[in-house]
Amino acid sequence: MNSIENFVNQFYTDLILVKRDSEQTALTYKISVDEFLNWLVVKRIKLKAVTASDLVYYIVQRKNDGVQEITIAKDISALRALGEYLVRKNIWTENISLQLDKPKVARNLPKVLTREQIDLLLSSIDTSTDCGKRDVCLFELIYSCGLRISEACNLQVSKVHLNEKLIFVHGKGNKERIVPFGTVAKEKLVDYIQNVRPRLEKDKSVAELFLNYKGKKISRKGVWKRFGELQKASGIKAKVHTLRHSFATHLLSGGADLRSVQELLGHSDLSTTTIYTHITDNQLEAAHKKYFNE
730 MNSIENFVNQ FYTDLILVKR DSEQTALTYK ISVDEFLNWL VVKRIKLKAV TASDLVYYIV
790 QRKNDGVQEI TIAKDISALR ALGEYLVRKN IWTENISLQL DKPKVARNLP KVLTREQIDL
850 LLSSIDTSTD CGKRDVCLFE LIYSCGLRIS EACNLQVSKV HLNEKLIFVH GKGNKERIVP
910 FGTVAKEKLV DYIQNVRPRL EKDKSVAELF LNYKGKKISR KGVWKRFGEL QKASGIKAKV
970 HTLRHSFATH LLSGGADLRS VQELLGHSDL STTTIYTHIT DNQLEAAHKK YFNE
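Residue 883 in the working numbering sits at position 154 of the sequence shown, with consecutive numbering throughout.
Hints were generated in silico from the structure; no laboratory data involved.
Mixed in with the good hints there might be a few duds.
To be verified - Using 27 Å as the maximum straight-line C-alpha spacing, the simulated BS3-like pairs for lysine-lysine come out as follows:
| id | residue 1 | residue 2 |
| --- | --- | --- |
| 1 | K904 | K931 |
| 2 | K904 | K915 |
| 3 | K759 | K950 |
| 4 | K961 | K945 |
| 5 | K840 | K950 |
| 6 | K966 | K954 |
| 7 | K888 | K961 |
Said to hold, decoys possible - Simulated DEER-style distance windows between Cβ atoms:
| id | residue 1 | residue 2 | range |
| --- | --- | --- | --- |
| 8 | E823 | A802 | 20 to 26 Å |
| 9 | I799 | G911 | 46 to 52 Å |
| 10 | N767 | R949 | 28 to 34 Å |
| 11 | T1006 | N731 | 45 to 51 Å |
Using N, Cα and C, we set each Cβ at its ideal position, and we do this for glycine too.
Modelling step: build the complete structure from the supplied sequences, incorporating the hints.
If you want it as structure tokens, here you go:
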């Protein structure tokens, strides 16, 4: 293992264990920092001798190489995290990467399904099999609780409280939140937990709620595969994460306040949640044009 690889692995471990970043964030930063360190080698610049001008020159070169603005923004976030790490390790005296200005990246509005489309999507599931009954419960819960795929896969049976109609969700940054679910989701959960899951689990003992046909915890890849089959069967183009977007948008359209939706989604920053207000504004504008535009 070379010195760069060793350093980057230590940085990655620090992000996970000390900063409590998600694996996806840590991996993104790891890739960006590896790219930067290799650039330093080419330019013959020692890490502890890096200046703010070097960082600016690096970012400018990335732009000249045709790297997209969203990737540049991730690179700068990674350099800021690296700077913080280097200061703690007494390699830098200050985090000079904070002098970099992140580009303003245009945010694409997430795709949202109507309630009718979600009903059509779920009704296309073949519930004559145990896996089908599991799927209808799984995707109903993802939609009605606004879950991320990883949260649904990692949800444990002990965290489901049927009588109270609540689940305890282990989200990003090791944070746990309480999310309520409705009567439809409860009916699906009761049938799945009492009748279907024992047949899937067989003689095993698995903590996670949703299992595959082998009796093991269902994987993200498995969820994506099953959802892909639903798209073909229903004719509706979407992603699993679209159900989470739809959950948030439908809540706001129904009159829920932004702070409540933030809590239910597990967003650490309210600005992340505000993107859904743009969607509902667009829907109102479209409705107005449809009925009043002459």
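Violated constraints from the hint list, given by number and in increasing order: Hint check: 1, 7 and 9 fail, others pass.
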